[in-house]
Structures are given as structure tokens and as C-alpha cells.
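Chemist: Given the coordinates of chain A, work out where chains B, C and D should sit on it, guided by the hints.
Number of protein chains: 4
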Amino acid sequence: MATVGKSEWNFCSDNVAPVAPEILAAMAEANQGNVASYGEDPWTVSLTEALRRLFEKPDLIAFPVATGTAANALAVSTMVPPYGGVICTEDAHINTDECGAPEFFSGGAKLLAVPAPDSRLTPAQITARVEQARDHGVHVVQPHAVSITQSTEWGAVYGLEQLRAIGETAARHKLGLHMDGARFANALVHLGCTPAEMTWKAGITALSFGATKNGAMAAEAVVFFNPTQARGFAERRKRAAHLWSKQRFMSAQILAYLKDDLWLRNARHANAVAQIFARGLSAVPGVRLLQEVQANEVFAVLPEGVVAALEAEGFGFYRWQADTAPGEAAIRLVSSYVSKPEAAEALVSAAARFGNR
Amino acid sequence: MATVGKSEWNFCSDNVAPVAPEILAAMAEANQGNVASYGEDPWTVSLTEALRRLFEKPDLIAFPVATGTAANALAVSTMVPPYGGVICTEDAHINTDECGAPEFFSGGAKLLAVPAPDSRLTPAQITARVEQARDHGVHVVQPHAVSITQSTEWGAVYGLEQLRAIGETAARHKLGLHMDGARFANALVHLGCTPAEMTWKAGITALSFGATKNGAMAAEAVVFFNPTQARGFAERRKRAAHLWSKQRFMSAQILAYLKDDLWLRNARHANAVAQIFARGLSAVPGVRLLQEVQANEVFAVLPEGVVAALEAEGFGFYRWQADTAPGEAAIRLVSSYVSKPEAAEALVSAAARFGNR
Amino acid sequence: MATVGKSEWNFCSDNVAPVAPEILAAMAEANQGNVASYGEDPWTVSLTEALRRLFEKPDLIAFPVATGTAANALAVSTMVPPYGGVICTEDAHINTDECGAPEFFSGGAKLLAVPAPDSRLTPAQITARVEQARDHGVHVVQPHAVSITQSTEWGAVYGLEQLRAIGETAARHKLGLHMDGARFANALVHLGCTPAEMTWKAGITALSFGATKNGAMAAEAVVFFNPTQARGFAERRKRAAHLWSKQRFMSAQILAYLKDDLWLRNARHANAVAQIFARGLSAVPGVRLLQEVQANEVFAVLPEGVVAALEAEGFGFYRWQADTAPGEAAIRLVSSYVSKPEAAEALVSAAARFGNR
Amino acid sequence: MATVGKSEWNFCSDNVAPVAPEILAAMAEANQGNVASYGEDPWTVSLTEALRRLFEKPDLIAFPVATGTAANALAVSTMVPPYGGVICTEDAHINTDECGAPEFFSGGAKLLAVPAPDSRLTPAQITARVEQARDHGVHVVQPHAVSITQSTEWGAVYGLEQLRAIGETAARHKLGLHMDGARFANALVHLGCTPAEMTWKAGITALSFGATKNGAMAAEAVVFFNPTQARGFAERRKRAAHLWSKQRFMSAQILAYLKDDLWLRNARHANAVAQIFARGLSAVPGVRLLQEVQANEVFAVLPEGVVAALEAEGFGFYRWQADTAPGEAAIRLVSSYVSKPEAAEALVSAAARFGNR
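Residue numbers (UniProt numbering), protein chains in the order written: chain A, 1 to 357; chain B, 1 to 357; chain C, 1 to 357; chain D, 1 to 357.
Chain A extracted, bound-state conformation (with noise of 0.2 Å):
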């Protein structure tokens, strides 16, 4: 479980940070007057706009909604049926963190999970599960969906490659292609490609497009690429509860974290700072990375004392489960759009320090 230290010293998750500034003073700004409720404002009618321009895509539909679970759920239940399954890696956040939305959701779909290292789902991995589906007919659930998240779990990124790759898979056994973007920013940084280059150029049919983590106070959108898979789903967020009445105040957290680049600025500087824990942490005699640091999550294994060390001088950071030798511990630190380079600098030399004694 998490250990909670100073405010500046906590790397437990991006989403413990406050709310970027820009959007704060968006959100306030919104608080003029009587509005149409519901959706019906101008807000909500702009953000539309701002991601068909963002994404190159005219006609893409898109749905804001308060939180990442909501808008992952949202989306699986919208792509397959209540008799179908979902593919996704055994660590994906759909699959261990959401206390069974999907299925909840979907009315019981399934998740056919499978194993991947860095939460990486391989197109050989989605053809094997499709094939042995398949051969059973009604009795075994058919896979109906694929679903990845960009960047992962644990903090790897995709390559384009890799997406038109799992893309191309996708559309040849008829699957939907849903992109878990919680922290799809980070990883649009990291790949340096277009928005549309990470998504629907690359097959995705429906994204999560993630702004709380990254400096949003509560707000995501989901995104159909074509619009009309998108049959049912302002039914479905209704029915969620997941309209809001005074819906501005999502819309516009959205559009203002798009704006002047706020999203792509915040990402680069969460990913800069992870960078600074992967560079220190590697240099401290007895530590290892799990997972080379693409994004802004950082995996490491220390030796135990060391981990205490760190929470008792105040460190904020989760431990992880992960495969560690007697006397190891391993640990995830997550930088955010708010994180200070000194503080993942203290976190380094304190971990030097205490691997010394």
C-alpha cells in the first residue's frame, strides 16, 4: 500500500497531483449564466470540434465523461455484446483495477486475459485467442474486442508498428480496437507521431483519451473514430449516470487542457522526471529497472532496507508485486504534470544514501 510523505515528496500516482491552473481558471470562467444542461452547451459543442480538428478526423464523435474507469467500461460495453469477450493483457487496468466495470458495464462480457511481461499484447497473442475461441462455438465467449493501453501498465509504449500491427490483426478477425488512453498523452510524447498516427491511422476504432491524470480535475472523453460504432452510447453513459447535468464543467476542462498545448507540455515534463528516477536509480549499486522507462512510470527493485528507508523518511510510492530475490523489494513511482525535478532528485540520493549504510 501506498506511503504517504510530504505533498512534493508523493509519487504513489499521477493522479494525486491538484488541477493545472489553466484549467481551473477555465472551469471558473464557464461559471457565467444560466446554461442549456446536459450537454446542450457550448462547451460541449466545442470540444467536439477542438478533437476532430486534434485527431484529423471530420466526423469522429466524442463523449466526455468524469473518469478513466468510466470512460474504459463505457467504451468495452459499447464494442461487445453482453456474450462476448474482450482480449487484454492479465495486467491491464480494465482487467485488475476496476472492480469488474467492464463486465458490470457490458452486462457480463468477458476478459480474456493473457499474459504479456510489459503489459504489451502481441498480434500472435490476439490470432492464438480468436483461433481457439472459434473451434467452440456457443460454448466457449467469442472474443469480440481487443483492448490495449497506451502508454501500459507498466509503463512501456507501443510503437506504431506495433499498433498498425495489433490494428490490422484486429480488423482481420472482426474485433473492435479499443485504446485505454488514461495516459495516452505520455505516450503520444514519448512516440513523437500525430494523435491520429497513435490511433485510428493505426486501426483503433475506440479511444479513452485521459486528461485527469495529467492535470484535469475529472474528465475524459472517449472517442469513436467512426461514428457509427458509436450506436448507443449516450444511452449507455445516461443510463451510467454518467451525465452530467452541468456538463460544462467537464467540456471545459478538456478544451483547456488542449489548449496552447497544456496536455503535451504536461506529459513531457511527468516524463522528464521519470527519466530522472530511471538515470539515478540505475547508477544505485543493488537497484535494477524492471521496465526501461518510456512514459511516466518508473518500476524498480531495491533491496528491502532500502524501500523501508525511503518510506520512513517520507517518501510517497506504492510497493509492486513483481518476481524479487530474499531481501528485494520492488516499487512503482509515477511522475506527474506537477512533479519537481528536486524531489525525484532527493528520492534518488536518498536511495544512494541508504544503499550505502
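It should be emphasised that the hints constitute simulated quantities derived from the structure, not laboratory data. Some hints here could point you the wrong way.
[To be verified] The calculated DSSO-like cross-link candidates involving lysine-lysine, where the alpha carbons are at most 30 Å apart (straight line), are:
id, chain 1, residue 1, chain 2, residue 2
1, B, Lys174, D, Lys174
2, A, Lys57, A, Lys174
3, B, Lys259, A, Lys259
4, A, Lys174, C, Lys174
5, A, Lys259, A, Lys57
6, B, Lys259, A, Lys6
7, C, Lys6, D, Lys174
8, D, Lys6, C, Lys259
[To be verified] Here are the computed distance ranges between Cβ atoms for each label pair:
id, chain 1, residue 1, chain 2, residue 2, range
9, B, Pro42, D, Lys174, 26 to 34 Å
10, C, Lys259, D, Ala25, 18 to 26 Å
11, D, Glu29, C, Pro117, 54 to 62 Å
12, C, Val114, B, Ala272, 36 to 44 Å
13, C, Ala322, B, Glu40, 53 to 61 Å
14, A, Arg164, B, Glu90, 52 to 60 Å
15, B, Glu40, A, Thr122, 30 to 38 Å
Small disclaimer: the values here were computed from a predicted structure and weren't measured. Quick reminder that beta carbons are idealized off the backbone N, C-alpha and C, glycines included.
Modeler: For chains B, C and D alone, coordinates are given in the frame of chain A:
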């Protein structure tokens, strides 16, 4: 459908209103540093304490959520098994305006709706429904709970006597008793009683305590007066994606809402504006009120020409389904904490003027 | 509740009857050797062919299931998304007697029930419900299908004109049209038309074709007249556990039911016995029929003393909820393919005798 | 997929078998006159008494249903809230062969599947899964029950020691313990213990007591050893459409199944035929068993050419997914109560003959 004109003349609903400045300020104040996510923050802890004091019930349990539909559907799903039923009125918000959310959250429970002119349920109706079902064993959906709305969907307010009689009836039949308090404050200031008197002292077991319609941005609290009856709620909220990672911003809203009686002042204001409509429109020849006005909703029947003229003039309100004579139209006017008395008077004057043409 | 006396005097329901000897013999005949399970057997293949001939529809798709509730709930769940609604009458079996099965199978769809004296729905009621919902967008559950019962729960039979009018109305509003044919045969022999005329030629898109109440052990068939509308049904049946491994014994029942018009003979017999009740009871002073008797159900109002005496004598029937004067009681009598005319006459005579006391 | 040849050579599954003559005769005997429907008949009453004697548990509650999937899914849905999880093995029938029925019936509960070579779960696996989840609160689906299969999907039989250890573990973690006994009799005669020893005395709280695979037509019984844990089952069965109106014909099957130890004789026969396969195939060069044969299922690896030749010869069995070397193929052979020893010997001889070519 709604006609929306000038912002100040918009009486479509109390949810067209902006956020109360005190509440927005509290959200900005909560925007300090990294804090534990998912409700482990100090604001959320304080909120429970505040509600315990407010309701004079030191062991109640409360869960903030963003929307009234979430509050209602989550509460109901905790009170009723999927094979059970909830007695409510035909016009209950849960029955008509939530796109089937209670059915969804509960896994298919049935709303057992009975007709009620002003959407106030009677003990006799509850007993009749229970007895009718008890006779038919497993073939019929058995009632497990009752849900009432205070103030009701037709702007009526249950008196304390009525509430207590319902409470006793529900208890006698071993039914949970839920109150949809989307407009709780408006009812409370009308009755001039304490929150405890209007809820658990009358037999209410679970409450959707609304704040959004009365000044918050997106915040309600589900309150269980008997903590053992909250079993499973936390899990249900999470899997319904209604637990925010940055939950502090939801809790901060309700804390500010309660502080210095902001919520009561707001409700008194809204109710007072509704009385301007009630008194003013009653005096216009050819106009009649459909219901006594007790809270902040006004239902009136006007000559069709007057309604059309008001719409053309730019007043915002909904036409409402009701029994009217040919040449008449029913409308609903809802006042909120920001409604200007002058705007209400302007509408009344316009109605009188148009009626005289 | 039911009073059950001598077996022959049991008119509680047509499902108290045993299995027709011809059907039991066919099951025994199917009990030969090992055959492919889960519906890959020859009987199931033959059944589809038999139904295609019967309904004059060479591309229909049919799925046998064991119970009428399974047939109805699976059909409805295939026709309506979880966020949709089904227009039916308040007294429809799916609304009152299936413990919420349609809601369960559909994942929470809502039954939009309208009052109808003899449980016959009208085109105007359908249109009114649709228009009422269309105005309110995502807030209201939108109708996606209509379900009617033939013969109805009050023993009435829709005429072909009525069916066609409903069919046209449903098609105009793009609604699926389901017929609960638990007593399909009783209606068919009353009308004297073809199965095709009473179904797809009138606009029915899915049929629960009942056999259990008319002589089978546990067998109904869900028939989709347009095979594309059956999408997902096979999977839904399997996951609802309604695909038998030894499916041959279900299919064999329906094959025997259809062979040599057994089903029509059985239904004619049951209807004829109902006419004995109808004619006989009408002639008893102080007794009146609540409905014209068109199929095999009789609803009558008798003096309370007569009802009690009949019960004491050992006749079996249900008391029924209906508007009666003080001192009166309503009852339902159902005849089946094994009901003896002498037994019906005995009940009529007894009623007359008790009435004269 | 299955290759089906001559009826006697069909070893695809034990559910390809016909109905035992004793059972069919009992159904015919039950076909007398009108009797109360929906389980109010004498056969159903007798069945509960018979099961209470059989299991030496005078207060158990039992519910007959038509299919094993219904028994499992209904049992599980009664044991686990929709937001909970069920620990089982990856190859458990509920996880792989029921098209998501447990998820459907439970309203979205999650199967927490762990790998197990012969599909026998261990106490350590249960504890590990529980501890892993307990750490993560509402974010992770919490285990509420364990489900094991006896005999397992790989033909293994849990010993009494193993069962008791699992029972203690489940009780310690406050988990319900379900046994999928689709092949209960085959396991029981292998162990030579009493039904009580193999169930509640070892800690089993709910049992799917199978009969269909061992001679019945369509009949299983869900048994709750602690009646308070059956709460809601009757309602769930009805709304899942698994309560027959002519329920006597389901209960009569199980009564006949138990009478004069028919079920034990049938199971002994099936197990004995499986031993013919086990001994015979082990002796064929190039053939190996994948599992020790303890019940009536045999898993063997043969040269691909031999498998193809057996198929061509007309033997019926499934090819099975297993780790095999190139040129090899795995198959499953299932014997039933009607399997002829000569037919099993014929297959063994043919395999030897083909292997020698």
C-alpha cells in the same frame, strides 16, 4: 422541449444554473499539492463528520457521487436484490428520467410504479402493492424497497406526518425506504424541520442528498443512516466508475455547500422566486396552477397563445405533459438559487400582457 | 391461490396437465443410442424444417427451449438493447408472471406497460408510447420492441385485422414485434387461419411458439421469421443455460406435437371445454363472464358463497383479481387438452346448485 | 471438433448417451393426471426428502434444474455479489464452456481463474488469490467464493484430504465453496466414500449434483447444505426461466436416478470402461496418458496418424488442446453408463493396429 432565451429568463431547470461562488472558491482552495486519491483525502473525511453532525447521527455512512442519477441508482441497487422490486410513483425521476439507471445498477430489479397525482406515494398504495405480490410467490417480483422523492417531481412536499406514516409502513413490510433528495433543501426549508426529522427519524434508511441543483457543480451524497445497510456500496460505486481519483474536489463542494448554511439560503431564495410565479400567475385570467407550489417548481396551465408568446419573447421553460383543455398548454417553471425575482416578475407580467391581447 | 381437488376437476391452469401420450412416445423413440449433443442431432434439424413448412417461411430460424419464460425472455433480449424498452400491456405475462425474467435476460431493459382491459394492445397505445419517449432523448427509455400475447392473459384473441394494424404500427416506428404464443394453438383454431397469417404476414418478427401448455412436457420454440434478427440468440440461449446437452428430447417433443395436427386437435378440445364453462356459467343467475371466451381461459364473477362451495367441493381454480361488487368473487378457469367435458359440466351444475341454495 | 461415427463408438462425451430406461419409465409413471405445477407436486417434495437422506443432512435445501450450466450459474450467483469474484481453475467448465453463464447469472461477477495442471485447485492458490485482492480494496474484485469440479475437467478426483483442506481454507477466508458435480457419481465411486463425506463434511456449501451425464434426460439438483445460504435461489431460478411448469418430470428423473443405486451402478460402469482405455492405450507404443484416469475421462497423446486413422474408422472423440510434440495429437475419450466394453476394446485394438503400420 425546452425553449431557451436570455440566460436570466431561463427557468428550464435548476440545473441550468452556474456553481455558487462559495463552492467554486472551495474547490480552488482544495487545489493544493498532492493528496491521497480515491477518497483517502482530508476533505472526504471531513464530509462524513459534517453530515453526521448535520443529521445528528454519529454512525451514518456517506458516499459522495457526481450525479443525482448515480446517487439514486447506486442507493437502490444496494437496497434491492436483482430479482426484487422498488415501489415508487409513475412520475418518479427514477422511473421516467434516468434511462433505466436503477434497472441497470441493480442488475434488472423492477420499478413497481403506482399512479399519484402530485407524485406523493401513500401508505395504502405501498401496502396494496406488497399484498398483491406476496400472494404470488416467485412468479411475481417482490417489493424490497420504497423510493420517494422530496420535494416530488410535481413540486409537492411530503409533510412529516406523511413521511412517518410511510416509514412505519415500509418498516412493517420489511422494506428499505429511499428518499430521492435531489431537491432536499427546498423541501426542508419549506417544512422548517431538521434534516434528521425529515429522514431517519421518519424511517428513511437511505438518502440521495442533492447539492448540484442547489449550487454545486457535480456533487450529491448517498447517506445510509444504518451503516450495516451500506454493505457493498463502496464496491458498487467503484465498479460503476463513480469514485473519482481526485475525490477531494467532490467532497469540497459539499463541505462548502453546507458551510454557513449556504444550502439553506440558496433553497429559500429559489422557493421564494417560485412563490412569485405562484402568486403572479394565479392572478392572471385564464391561468391556473396544477399544483400548490411548495418548493421551487411551478406547474401551470396557460392559454396556448400565451405560452407561445412567452417562448417567442425568450423565456425558457419546458412544456409539460398534463391534462389540459383544447387551447391550453401546461408548462413547468423551475427557479434556482440564482433566479432573479425581477426575471420571474417579468415573466408574470408578460403572461398577463399576452393574456390581455 | 389455487384450490386443488380431484385431478379431473383441476382447472387451475393448462400446465397442470400431463404429457400427451403421442409426445411421450416420441421421446421414448428418440431414446436410441448415442447421438451428437447440444442440438447437433437429427431431431433438431428436422424441427427447423417442420417449422419452415408450417409457417411457409423457408428461411426462418427456430430455437427450442424448455419453458415459456425462457422463450419470451430470450426473444425479448435479442430484440432490445439493455437501455431500451418493450411496450406491452400491464397484465402481460412478461410483466407480471416471470419474476423479472425479461429484465434479467436483456440486461435491464424496461417493460413499458400500458393498461388494456382484455390485455389486447392497440396501435394507438403503441404510437402514444413511442411519441412520448421520442421527445425526451437519452433521459427516457426508448421503445425498441412491442410484445403482444396471443391468446391474451385475459383469454382474448387478436383478430387478423388487429394484428396487421399492430404490425404496421410497429414497423412504422421501427420496433420489433414479439408474440408470446404460450397459447398460440388456442388462438389459431379460434381464428381458423394459417400460422403464417397470424404471424409474419401480419408483421410479427419473433414468436414464442408454445407447446408445453397444450400437451408437451417442457418445450417451446423461439421463431425468428427474419434470420438476421436472430443474431446472438444462440449465444444467449447457451449462456442462459437453455441449451440442453440431450437436446433431441426437446426437439422430439415439438415434432410429435406438430405431427398429424396433434397440436390443433388438442387446442380445439381445450377451447371446446372452455365453451362449456362459458355457456353454462352465463346461464347461472348471479354469475357473469368478465370476458368473451375465445380460447381456453374463462374469467367469471360469482357470488362469494358459490366460489367457496365450489372450492369445498374439490374443484380446482384460481381466484382472480378483478373489480367485483361486495359479496362477489372473480375466478379463472383454464381448460386443457385433457379436460373432460363431464368435469366442466359438473362444475357448472355445482355452481347452479350452490347458487340456488 | 468431434468426429462421430457409429453410435456405439461415440466417446465424444457422456452426454451423447440416451436416457436410462429406469428413468424414462419413471417419467412415464409420473404422467398421470393433473397435478400442481411449478414444483408443488409430490415428486418434487419426495426429491428433497431423498436428497436429505442421501446426504445425511435433514435441513438441506435442493432445487432441480435442467442443465449443468444452470445448476452452476445459479449456485454461483447465489453465493457471490455482482461485484465479487469466484476462484476457480483456468480449465474449469464454468470458466471455459458455459459461454459466460456465471457472469450473466451473477450480474457480472468475475471468475478469478488460476492455472492447475489437472484442474485441481490447491489451498495455497486460494490463499494467494485472496491475499492479493485484500490489499487493493475496492479497486480489485474481491473473492467471495471458490468453485471446484469433482471429478475435474481433466478427469482427476480430489481426495477427501484435499477437499477438507480446501474446505478449511475457504472457511478461514469466509468464502463459499461450490462443487460442480456434473460427474459427482464418477468421483464418488472412485473414492468409495459417502456423499456427505465428499461434500458438507469437507466444507462444501453448495453442490451442483449432476444426473444428466450419468443417465438422466435433463436433470441436475442444486443442493445448499446450509439452508440460510439458499436465500434468493428460488427467485433466481424462476427469473432465469429454469422452473418448469411441469416440474414433476424433472424431479421424477432424479428420484429414479437415485433409486436402487442406479446412479452408482451407472458411474461404476462408466469408470470401468475408462479403465479399459487407460490400460489399453498405455500399452500401445507411442501413446501416453496425459493424466491418471480416475473417473470416466481419458486424455491421451497419440501419433497424429493414429488419431486420423481412428477418426476415419468411425470412432467418435474430441481432439484436445494440450502440449504435444510435433507429429502427436491429444484426444479426450469419455465413457458413459451405456458405453460397451467391446467398443472401448475395439478402439484400443485399432490404435495398436494403426500404430504398427
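Chemist: Each hint: holds or not?
Modeler: Hint check:
Note on B:Lys174 and D:Lys174: the hinted pairing holds, with a Cα-Cα distance of about 27 Å set against a maximum of 30 Å. Our distance criterion of 30 Å between C-alpha atoms is met by A:Lys57 and A:Lys174, whose separation comes to about 22 Å. A threshold of 30 Å between alpha carbons decides the hint, and for B:Lys259 with A:Lys259 the separation of about 34 Å lies outside it, so the pair is violated. For the proposed pair A:Lys174 and C:Lys174, the alpha carbon gap of about 27 Å is at most 30 Å, so the pair holds.
Annotation: proposed proximity of A:Lys259 to A:Lys57 holds, straight-line Cα distance about 18 Å (limit 30 Å). Restraint check: the Cα-Cα separation between B:Lys259 and A:Lys6 comes to about 29 Å, which is no more than 30 Å; the hinted pair holds. Only pairs whose Cα atoms come within 30 Å are accepted, and C:Lys6 paired with D:Lys174 is rejected, the gap being roughly 50 Å. Proximity of D:Lys6 to C:Lys259 is assessed by CA-CA distance (about 29 Å); at most 30 Å being required, the pair is judged to hold.
A hinted range of 26 to 34 Å for the beta carbons of B:Pro42 and D:Lys174 is consistent with their spacing of about 32 Å. Taking the beta carbon of each, C:Lys259 and D:Ala25 are about 23 Å apart, inside 18 to 26 Å as hinted. One distance hint, 54 to 62 Å for the beta-carbon pair D:Glu29 and C:Pro117, is violated here, with the actual separation near 44 Å. The given range of 36 to 44 Å is respected by C:Val114 and B:Ala272, whose C-beta atoms sit roughly 40 Å from each other.
At about 58 Å, the CB distance of C:Ala322 to B:Glu40 agrees with the hint of 53 to 61 Å. One distance hint, 52 to 60 Å for the beta-carbon pair A:Arg164 and B:Glu90, holds here, with the actual separation near 54 Å. Checking the proposed 30 to 38 Å range against B:Glu40 and A:Thr122 shows it holds: the Cβ atoms sit about 37 Å from each other.
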